[in-house]
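Take the sequences, apply the hints, and build the full model.
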Amino acid sequence: MKLSDKLANLMNAQIGNEMGAAMQYLQIATYFDARSLPKFAQFFYTQSAEEQAHAMKFLHYMLEIGAEVHIPTIEAPVYEIADTAAAFQMSVDWEHEVTEQIYALMDIAVADRDYASQTFLQWFVTEQVEEVSSMETLLEVVNRVGEKNLFMIESYLERTPEEE
Numbered sequence: 002m003k004l005s006d007k008l009a010n011l012m013n014a015q016i017g018n019e020m021g022a023a024m025q026y027l028q029i030a031t032y033f034d035a036r037s038l039p040k041f042a043q044f045f046y047t048q049s050a051e052e053q054a055h056a057m058k059f060l061h062y063m064l065e066i067g068a069e070v071h072i073p074t075i076e077a078p079v080y081e082i083a084d085t086a087a088a089f090q091m092s093v094d095w096e097h098e099v100t101e102q103i104y105a106l107m108d109i110a111v112a113d114r115d116y117a118s119q120t121f122l123q124w125f126v127t128e129q130v131e132e133v134s135s136m137e138t139l140l141e142v143v144n145r146v147g148e149k150n151l152f153m154i155e156s157y158l159e160r161t162p163e164e165e
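The numbering used here puts the sequence shown at residues 2 to 165.
The set of hints was computed from the structure by calculation and includes no laboratory data.
Treat the hints loosely; a few may be bogus.
[What the hints assert, rightly or not] Each computed DSS-like pair below joins lysine-lysine, with the alpha-carbon atoms no more than 25 Å apart: (1) 149 with 40; (2) 3 with 58; (3) 7 with 58.
[Said to hold, decoys possible] Estimated spans, in silico, between C-beta atoms of each pair: (4) 3 with 72: 18 to 24 Å; (5) 108 with 54: 21 to 27 Å; (6) 124 with 146: 32 to 38 Å.
Every residue, glycine too, gets a C-beta built ideally from N, C-alpha and C.
Next up, the structure:
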């Protein structure tokens with residue numbers, strides 16, 4: 002099975018995008034950990050691990066079909082985070098960007114009539130619905146509750162079931 006050069010290049014780029022997201026979520030987790038907000042920190046540590054797992058899905062898929070893997074340079078995360086709402090807004094924006102990246106990959110797979118890649122990418126299309134929804138919900142909760150009442154959100158996160 003052969004990927005088109007265009008799809009292979011974008012999948013390699015997506016490995017970097019996913020690893021970049023993992024690093025950004027790790028940085029956000031440390032922001033909350035340093036502020037004694039362990040549930041926020043754990044949420045973002047988990048997000049970081051998920052993004053790394055997504056990168057590995059792309060990597061393994063490419064290896065499985067015999068495509069060359071070229072892991073790109075990954076930009077450093079943003080270190081300056083103004084507040085909790087800014088951290089979640091950054092996350093919402095990132096998840097929307099990733100959704101567009103996945104759609105671009107799917108568009109190429111469809112144009113190439115690459116049915117295997119379409120099937121592979123469908124998992125990510127579905128995953129992005131959940132990612133965007135959960136980040137938008139948490140941003141809404143943070144905005145409603147406000148920076149002075151973050152411990153209420155810690156309690157909210159305590160009661161929110163972990164995703165599998």
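We went through each hint and held it up to the structure:
{"no.": "1", "hint": "149 with 40", "in the structure": "16 Å, holds"}
{"no.": "2", "hint": "3 with 58", "in the structure": "17 Å, holds"}
{"no.": "3", "hint": "7 with 58", "in the structure": "19 Å, holds"}
{"no.": "4", "hint": "3 with 72: 18 to 24 Å", "in the structure": "20 Å, holds"}
{"no.": "5", "hint": "108 with 54: 21 to 27 Å", "in the structure": "24 Å, holds"}
{"no.": "6", "hint": "124 with 146: 32 to 38 Å", "in the structure": "33 Å, holds"}
Consistency note: the structure conflicts with none of the earlier hints.
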